[in-house]
Amino acid sequence: MTVGLFIPCYVDQFYPKAAIATLELLEKAGVQVEFPARQTCCGQPMANSGFEHLTSGCNELLVENFAQYDYIVSPSGSCVLHVKEHLHSHKQEAQAQNIRGKVYELVEFLTDVLKVESLNARFPHKVGLHQSCHGQRGLRLSQMTERVEPPFSKPEQLLNLVQGLELIPLSRKDECCGFGGTFCVTEEAVSVKMGKDRITDHLQHGAEVITGSDMSCLMHLEGILRRQKSNVKVMHIAEILNAQEA
Amino acid sequence: MMGAGKTRDHSALADVFNQDEPRVNWHDETLWFIRQKRDKAAFAIPDWELLRETASQIKAHTLSHLSQYLQEFEKNAQANGITVHWAADAQEHNEIVFSILQKHGVDRMVKSKSMLTEECHLNDYLARHGIEVIDSDLGERIVQLAQEPPSHIVLPCIHKKKEEIGEIFHEHLGTEAGMSDPQVLTETARQHLRETFLTRRAALTGVNFAVAETGEFVVCTNEGNADMGAHLADVHIASMGIEKLIPRREHLGVFLRLLTRSATGQPITTYSSHFRKPRPGHEMHVVLVDNGRSVQLGREDFRNSLKCIRCGACMNTCPVYRRSGGHSYKSAVAGPIGSILAPNLDMKKHADLPFASTLCGSCTNVCPVKIDIHDQLYKWRQVVVQEGHVDAKKAAGMKAMAAVLSSPATFKLAGKAGRLFMRRVPLLVNNSFNPWYKQREMPQPPNESFREWYRKNRKQHDQ
Amino acid sequence: MTSREKILRAVAQNQPALLPLPEVPPFQQDTSELSGRFTEVAVAIGARVFRVMDYGEVAQVLRQNFLPSHRIISAIPELAGFAEATPLQDAHRHQLATVDLAVAAAHFGVAENGAVWLTEEQMGVRVLPFITQHLAVVLPVKQILPLMPDAYARIGQAAYGYGVFMAGPSKTADIEQSLVLGAHGPRTMTVFLID
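Residue numbers (my numbering), protein chains in the order written: chain A, 1146 to 1391; chain B, 816 to 1278; chain C, 7 to 201.
Read the hints as simulated data drawn from the structure, not as lab findings.
It cannot be assumed that every hint is accurate.
Said to hold, decoys possible - Calculated pairs, DSSO-like style, for lysine-lysine (alpha carbon to alpha carbon, straight line, at most 30 Å):
| no. | chain 1 | residue 1 | chain 2 | residue 2 |
| --- | --- | --- | --- | --- |
| 1 | B | K1194 | A | K1236 |
| 2 | A | K1236 | B | K1214 |
| 3 | A | K1247 | A | K1173 |
Nothing here was measured: the structure is a model prediction, and the numbers come from that model.
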């Protein structure tokens, strides 16, 4: 099995540690991973702003770079959902369709494809899980509070395999953090207020680290935490699942 | 979207709303409390999701057969003795209502909740024609006295604190200064409106559901105000959008289970009144209003918005609505559902609304008729941009971004340059012209990107 | 072209190809303890519920709250000694503003939401159960159905002029979500489950 590693543009530039942890996690699970160097972005920043018609360049690049792999894995529910819902190609639509079916967010790839049941990881901290909306409601990574259905959570399933980790409860376990792509700047006031409210919930329940499977939400929360001069850190879930702290 | 001299858009109004953070917290928590009551009510029904699916399919079928159902409803309503009117737009709706009142020589009317009449600005129209309208729903009466529009379709004055309501009542209804006890204020409104009900010869109500099979319509209230108005008056006018139809009476057994549980968490409204015939010697009128609905029906991507039963669940759950308030939407129907309905009525005016969302998807999943609200918001964004209702600077920025992201070489360079720039000159990025930085720190740029790290540490897989 | 024609033409043109009308599926229901569950829900939404043997007991309970000086109206023959039974006329409906208590028979109740179904024959005039300060409803205990779909199955094609599901006293929470009973309709609702 060869996996093409798709690293979101902003993770590549700002959060290489999340990408490295993703790569190492997959390699430790015995998967052959390749990172096609000519990849750029899924196109979501344009599409969510109403400019989906400008994403064909991104789409064609994505198809060129990833069509050959058995699976495409990315440490971002948001980018994966965008690819699943909106990837099309003028040149190779069959390939695009194929990719839409074999692209996975990291957590669901670990639980559903690799069926990971143990991790050699240790992270002795109180951790708050931020459920990013696109992963949770879009990819159904966990049961959402809106729907009347049995509870499940793929990220919690993995975090529970990490030694020493204590998952804290939250008052609102799946409310949006307010990042929302360009929403974070076009609707600055509401975006920040939503982020602050999420952080308050995590802090009130004693989180030392806030984690999640979408670095974009965490980047937004981190920006607010640092402005508040808080000691609470954000870490991508891959970093925690790959942690070897004493 | 917002240009100089134009009215303020959602973002600007939300910014004003957020100047008072404790009030935002109060607004958010009040609505979240209702969302939690909705959850409790929904989870008490084991086949809730089947119920939603059934309701959604009944509505889908109805929309696909709407012209036939409208005629069936008309025929049956007429056979019941109801007069049926057709209004192509808001203006015609208002004219029809006015002409009925004129015919009866009525210059004062009592009205229960009808978001359609808000959409049509009926009160203003009638006021200009010398007709006094008193809104009888307590929340609507409060905002009417305050000369404001409702901020929520189910909870019209959810944005007002009881002390503010107390002041309004002190000024208009003579309660003592400083009185803000909801019990006392409600009793005052009861006395004031009882006098209104007893003296009005015409009453207007909204319609929650109209049944094609029986020619009847159903009005749901908790206060009993629709019934007090309609049963005491000589003339009952019921205004309804053409999408309120359902095929058969038995379908009420599906929708009435969903409506109030979704809206407030109650198992049913106190009153679900089925009006089938006028009282002997009196008149009952139904005004069927299109006002853009037939156009929306033709928009394949947005047609499903017409399934809406106006429960307000999408507003209560929306993290943006809760933190920006209903008035920031400048539309009779605010919140997520309003943001997919309003652009159909006036795309230019409401071009900001599809962007007043993080696309978190909570709305779609509480919706009792399973409208794909957040997907429609995404699609409206594309339409709004294609139709040119977007500011030129943003469009240029998007084109530039797309160009960089379409070229791996430029992307690599731009990324490196960007990180270098941010490391060397953080003061230029971290300034007040950058909305990110206003209340958030910028990410700290690392020394190397992942691709640079990868080049050093792993075998290459590029051409 | 009239607006009617214009609207119907636009709708016909724009409506999608016919989609099937689903059958209303049988929903999960619990048919045990119907009166107990009805009572629980009705009390939760602000009603008072009494289990009684006969109409004598109805009057007895109501006498605890209402004096002979109160204006009490009922079309139920068995309550003739307790309430005014004069047939009501719609033309005089405004005079009902002074009614303190109205007592009406209900067709049936619904366990899932504590509602009772009344049609105008049982009210005398439509406004009575709304304009009265207090409302009492007599419901045969055997006439409690589990769910709303059962209610509509029971109603069938009945040709009432006006019918209503009533669930508890009139109420509002429009002021800061504080629940106040007694909005524009009755301040209290009492349901008598009669054997």
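Each hint tested on the structure:
1. The suggested pairing of K1194 (chain B) with K1236 (chain A) holds, with an alpha-carbon distance near 24 Å, which does not exceed 30 Å.
2. Annotation: proposed proximity of K1236 (chain A) to K1214 (chain B) holds, straight-line Cα distance about 21 Å (limit 30 Å).
3. Our distance criterion of 30 Å between C-alpha atoms is met by K1247 (chain A) and K1173 (chain A), whose separation comes to about 21 Å.
Going down the numbered hints, you'll see the structure goes against none, and every one checks out.
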